[in-house]
Amino acid sequence: MNYSFHFAPVINRLDLLLSGLVTTVWVSFMAILLGFALGLAGAYAIRSRWTWLRLVLGAYVEAIRNTPLLAQLFFIYFGLPGLGIRLDAISAAMIALVVNLGAYTTEIVRGGLDAVPAGQTDAGLALGFTRVQVFFLIVLKPALKIMFPALAGQFTLLMLATSILSQIGVEDLFHMASLIDSATYRSFEVYLVTCGFYLALALCFRLAFALLYWIVFSERAPAELPPTVATT
Amino acid sequence: MFRSFGPTEFLLLAQGLRWTVGLTALAFAGSGLLGLAILLCRTAEARALRWAAEIWIQVIQGTPLLGHLFVVFFGLALFGLDVPRWLAATVALSIYGSAFLAEIWRGAVQAIPKGQREASRALGMRSYHELRLVILPQALMIAIPPTVGFLVQLIKNTSLASVIGLVELSREAQLVNGATFAPFLVYLCTSGLYFVLCFPLTWLSRGLEKRFSRSR
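Residue numbers (our numbering), protein chains in the order written: chain P, 1 to 232; chain V, 1 to 216.
Derived from the structure by calculation, the hints contain no laboratory data. All values derive from a computational prediction rather than experimental measurement. Please note: incorrect hints may appear among the correct ones.
[Said to hold, decoys possible] If the Cβ cut is set under 10 Å, some of the chain V residues that face chain P in the computed set are:
hint: 1; residue: Val109
hint: 2; residue: Pro113
hint: 3; residue: Gln116
hint: 4; residue: Phe195
[Claimed, not checked] Some chain P residues well away from chain V (every beta-carbon gap over 12 Å; in silico):
hint: 5; residue: Leu18
hint: 6; residue: Ser19
hint: 7; residue: Thr24
hint: 8; residue: Pro68
hint: 9; residue: Ile146
hint: 10; residue: Ile164
hint: 11; residue: Glu171
hint: 12; residue: Ala183
hint: 13; residue: Thr194
hint: 14; residue: Leu211
hint: 15; residue: Val216
Note that beta-carbon positions come from the ideal geometry of N, C-alpha and C, so glycine has one too.
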């Protein structure tokens, strides 16, 4: 192998990569926020007493989980215009990501809800809470605590999967990488550096989720206890 | 001018399944072998091996598959090798899959209670017999359902091989769409074909999981 690596042409265009990184971050952030909300609603509704609602949601979850994100993205961006529904790249991307994450989140949160003992719900209802109150005030938090690692993993996978959006022209990190590639012909170097960016982002995600877990779920001991006992 | 999207075009589209299935099989074999190697490093005595395996898993799981595809595709070309696209895709998907399979299998091995090992030692079993008769049969039961689940992930992820020009189902969809310009039907059928491939496996994985968890 007599190839000399040239990272300089890539480093010179770091501003392009950074602007792509910003797009990747905010697209991921919005998709996670909306997809999580959709998944919560889905998990609540899939336990409904109405059979038709359960069937519809079950079909949605299976349809999404058994087809690739790329096919979903192409269907929304290239397929829907066939029916007269035209979307720009970023809207199509957002819809695809949210619908996709919503299905995975529904399945994960549903598993978490099932793991909370039924006695909790019964106790809440016996105390006069409504079903919605029981869901939000009593069942949801322990369910999310159980499912937190799975959710955090799914969100990180979604962030990495946003690289697929470059295929319909969303100007994300990966799109910028291919721009630099075609301008410099330093393909290997460009994509190696880009992978480094994603890795750094994934590590930031992990830190952020650990922090979030600590803030939301850590059991705060009463103030009079010494701190050594409190941090268990 | 444009052809209409009829049965012939559907068959053309379905031909893309050949590489989707073929690439899945190749990548599954590659992921399995590489994943087993990572698993052995991860559980090795030598600390350096354990660290190397840990770093491998973190780096692969922290970077997108699209990145692996391009780095492998252009990286192999640097060696002056004229690699066919299917080989580059197989290598990239195997690298990607190895990190996930190693994690799944490690979980399965760790799920075997320590007492099982101690009991086989107490019965005077050699480590080979301990592995073959006590640990592996139980670990396999735990590992098979999520491994089948991972196979579904792999099938879906072969769609990304289209970006380096491998004509599998997703790329075939783009080609057929270019000829017929019936995007709604083409992409609906494409998703349908993926579903037909994946759903039985998802169903199998779920069934196996129920059965194995009941038998324990």
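Evaluation of the provided hints:
1. Val109: violated (19 Å)
2. Pro113: The hint is violated - proline 113 (chain V) has no Cβ within 10 Å of chain P, the shortest such distance being about 22 Å.
3. Gln116: Hint violated; glutamine 116 (chain V) Cβ to chain P Cβ min 26 Å, cut 10 Å.
4. Phe195: With a minimum Cβ separation of about 5 Å from chain P (threshold 10 Å), the hint on phenylalanine 195 (chain V) holds.
5. Leu18: holds (17 Å)
6. Ser19: About 18 Å separates serine 19 (chain P) from the closest Cβ of chain V, which puts it past 12 Å; holds.
7. Thr24: The claim breaks: threonine 24 (chain P) does not keep its Cβ more than 12 Å from every Cβ of chain V (closest is about 10 Å).
8. Pro68: At about 4 Å from chain V, proline 68 (chain P) fails to clear the 12 Å cut-off, so the statement is violated.
9. Ile146: Given that every Cβ of chain V is farther than 12 Å from that of isoleucine 146 (chain P), nearest at about 17 Å, it holds.
10. Ile164: violated (6 Å)
11. Glu171: Answer for glutamate 171 (chain P): holds, closest chain V Cβ roughly 15 Å.
12. Ala183: holds (15 Å)
13. Thr194: With a cut-off of 12 Å, threonine 194 (chain P) comes too close to chain V, as the shortest Cβ separation is near 6 Å.
14. Leu211: Holds, since 18 Å exceeds 12 Å.
15. Val216: holds (24 Å)
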